[in-house]
Amino acid sequence: MMISPATSLASGAADAAAAVGAAPTWVLAIPFLPMLAVVLNTLCAVFGNKTKLPAWITVGCLAGSFVVTMLAYMALSGETNTVTAWHWFDLSWGDGVGQSMVANFGFYIDNLTLLWMMFVTGLATLIAIYASEYMEHDVGKGYTRFFVAFGLFVFSMLCLVMGDNLLMLYLGWEGVGLCSYLLIGYFYKKPEAVAAAKKAFIVNRIGDLGLAIGVMLTFVHFGTLEYEVLFNSAQLQGYISAVQEGRAGDVPLMAQLIAVFLMIGAFGKSAQFPLYVWLPDAMEGPTPVSALIHAATMVTAGLYLIARMLPVFLLSEWALPVVAWVGTITALLAATIGMAQFDIKRIMAYSTVSQLGYMFAGLAFLSSTGGVFHVVTHAFFKALLFLCCGAVMHGFAGQLDLRKLSGLWHMKGWRIVSIGMLIGCLNLAGVPFTAGYFSKDMILAEAFVTPGYGYSFLGWVLLLTAGMTAYYTFRVFFRVFTGPVQYEAGDEHHGSDDHSHEHEAGDAHGHDGHSHEDHHGHFHPHAPGMRINGVLATLSVLAILAAGLYFISPEKHGWIGDMLEESTAHNIYTADHSSAAMFVIDGDAHGAHGHDSHGHAGDHGDHAHGAHGSILGYDPHKVMYYISAVFGLTGILIAAWAHGPKGLVSGFIGGRVEAGKCRMDGVAAKLGPIPRWAENKWYVDEFYAFIFVTPLRVVSHIFHMIDKLLVDGLVNLFGYLPRMLGRGAQPGQSGVLHGYALSMAGGVGVILFIVAWVTL
Amino acid sequence: MMTTLAQSGFPEAMTTLTLYHYLFISAVMFTLGLIGFITRRNLIVMFLCTEMMFQASGIALVAFSRFYLEYTGQVFVIFVLTIAAAEAALALALVVLLFKRNETLDGSVWSLLKG
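One line per chain: the protein sequences are A and B, in this order. Numbering follows the numbering used here, with no gaps: position 203 of the first sequence is 203. Numbering follows the numbering used here, with no gaps: position 113 of the second sequence is 113.
These aren't lab readings, by the way, just hints derived from the structure by calculation. The model shown is predicted, which means the values in this text are computed figures rather than measured ones. Treat the hints with caution; some may be incorrect.
What the hints assert, rightly or not - Computed footprint of chain A on chain B; a stretch qualifies when at least three of its residues, placed anywhere within it, have a C-beta under 8 angstroms from a C-beta of chain A: (1) 82–94; (2) 105–111.
To be verified - Distance condition first, Cα-Cα at most 20 angstroms in a straight line; then the derived SDA-like pairs of lysine to any residue: (3) B:Lys114 <-> A:Leu742; (4) A:Lys52 <-> A:Leu40; (5) B:Lys114 <-> A:Leu725; (6) A:Lys646 <-> A:Glu658.
Glycine residues also receive a C-beta, built at the ideal position from the N, C-alpha and C atoms.
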């Protein structure tokens, strides 16, 4: 297997610096421009700025960062470069290997990094523009706070993906976690938002502990945290060739455990089973935050970690198979929950969890191209979907229940949102020739060609999930955007109706001071303004164009494959598939799974790719395009039948004539309690509450009592004793001079008496 | 040497005053001062009693000084006297102020420091 040429083992006198170039200093502007926005916005907060200035500062800085990123892409793509901002940790306690620790505040820029940098800064810029309108009702109150946290998030995320060592990654990792916490809890007066913020933070702690242990083990075992040194180390290269030659047993347990712990970290941050529970609740945050942090960027940090550390993951026999299984289970579980939810933002949240599961499975099927391609396409179309949901929520005073909204397509001013939603839904459902279709297929096909641990079974599960995804996605679209125009306002008081775009429907808005709740003839949804529509249109175009990435250098499976070839996440299956076979340690045992049993077992040599597995006798890479399209379209048709409006396709399918009733209600009634269980998220939260939260609460009450009675009691005793002693002696303090004189004389008398008694 | 009847009526003539006599006087004076200080309520009288205790200790010091032929004690007494004079002025001023506060010389009235 090849690691990239840039990181290949440098031999002889040439040190690692020869293999890794020095990036120009101006790339430092990429992370530090968002930091500048944070500083300027903090100054705005200090000086009590009550205007929209913070939004424009943020947009400007992020756009600058994006421009520099594009320049960096043009100048540096295909190479591996590092640049150091300043020395951070430079410790040494001996001359031997592993007796010094260097972790600079430096950046490691290869194609994998550039990929993440581009979509992080690009999406952050667009979403900041969107947020500048979306958050308008908070101008002067939380507006500045929002943009400070927003900028800090982008800075942290860039530290995470650009850092040139694992400690930088950890710094960014914790930074994005903090910003996520701050932004989920943005509406801090709302108890659910505070609870969700805490839940996200605490669940992430579990994953972060795994990451911390993984980082520490990396240092203990490899003696370095720097990517440059780590990936070039003879030790790692030796392990990799050992695995390739089928001597996986030669890799020490410690090295294999690194991947396992890093994997736990990735599961926490990227919301995988069993740590996914925080992400749906995180939707309590403002929608731009959900779009940027909890759909497009932060939750892909786990994917980045695995892609970056892929060489280390290859050392472990279990890490990637576990990732594959967990990813698939998550994808299926979240899809089943998503099918039964009524809150459109939650549906999107579960869909995010589900799609992240796909990406993990993709990485684990040794298809880093598929996994990362899906990260990129998903970032665009899911951000688009979230922003459309946000526009709906914004316009209908927080209404997100798909039973109470209908026919937005036919409403004035909502066409762009509807079209954006449709494009997002088509992508998510994997309709042919959309970006989501290509990226998902790549993962699915790879599930069938990669040998090992029941992967072809996982492939079928993922295909089923794809169908479910199409169903719940179009359930939202058909319910909310088609059909008769009906709506009910949500219960969110914007506090005022003085939005700048309110005047557009001036005559209808004689209700200043009325709450949105008063919707019988009074509530008027306000259609999104210029900036929201502009961002939605831009994202729609980008989501469509993302499909084109697949056609750039097709021999490498698209532009992403081309990019990844020059990074540590180098796509193994394009290089040679024999390395993939290394997981079939005892070939025949695992080769016999399902439809994946043809001709790879035992012979790990030089298969051309695609010869490994098959679906019903066909080459998965070719046939998958048809199969997944069938699954996706079936899902959409079911959604259309169950939720589509009357008259869709000349009255043939769909029969919904009002917002709250559809054919699915009858189907759900036949299924008994199952839809209710799914709506209640299979009671996973309750289960966790029962097995973790309640026992912990009981234990903490016990400790509280011990603390109160034993520890506090002891401390109080030491205060209590002298006080009682003093109270006993208190009457002696009469305050009368004669009393003192008498007692003094008496004391002297007693002393004299004793002296006399002793001496005489 | 002729002894008169009156003299012979005594068993022995008191020839010398010893250290013990002085110390006895000192102790008696000190005790009287102390008793006076404890029993009387009048601030001025109490103050005088403390002066008496002072002088009692002064007598004891001078007596010891003479006994040991060491002048330190006497020097010390001179100082004590000087300071006592200054302190008397101060104390009497305080007494006057206290009297102005409460229109009484009764020392037992002052018990602000009662615990």
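Going down the list of hints, with the structure as the test:
1. 82–94: violated (count 0)
2. 105–111: holds (count 4)
3. B:Lys114 <-> A:Leu742: With Cα atoms ~16 angstroms apart, Lys114 (chain B) and Leu742 (chain A) stay inside 20 angstroms; holds.
4. A:Lys52 <-> A:Leu40: With a Cα-Cα distance of about 13 angstroms, the restraint between Lys52 (chain A) and Leu40 (chain A) holds, given a limit of 20 angstroms.
5. B:Lys114 <-> A:Leu725: holds, 17 angstroms
6. A:Lys646 <-> A:Glu658: Distance ~9 angstroms between Lys646 (chain A) and Glu658 (chain A) Cα, so the pair holds.
The structure does not agree with numbered hint 1 stated previously, though it agrees with all others.
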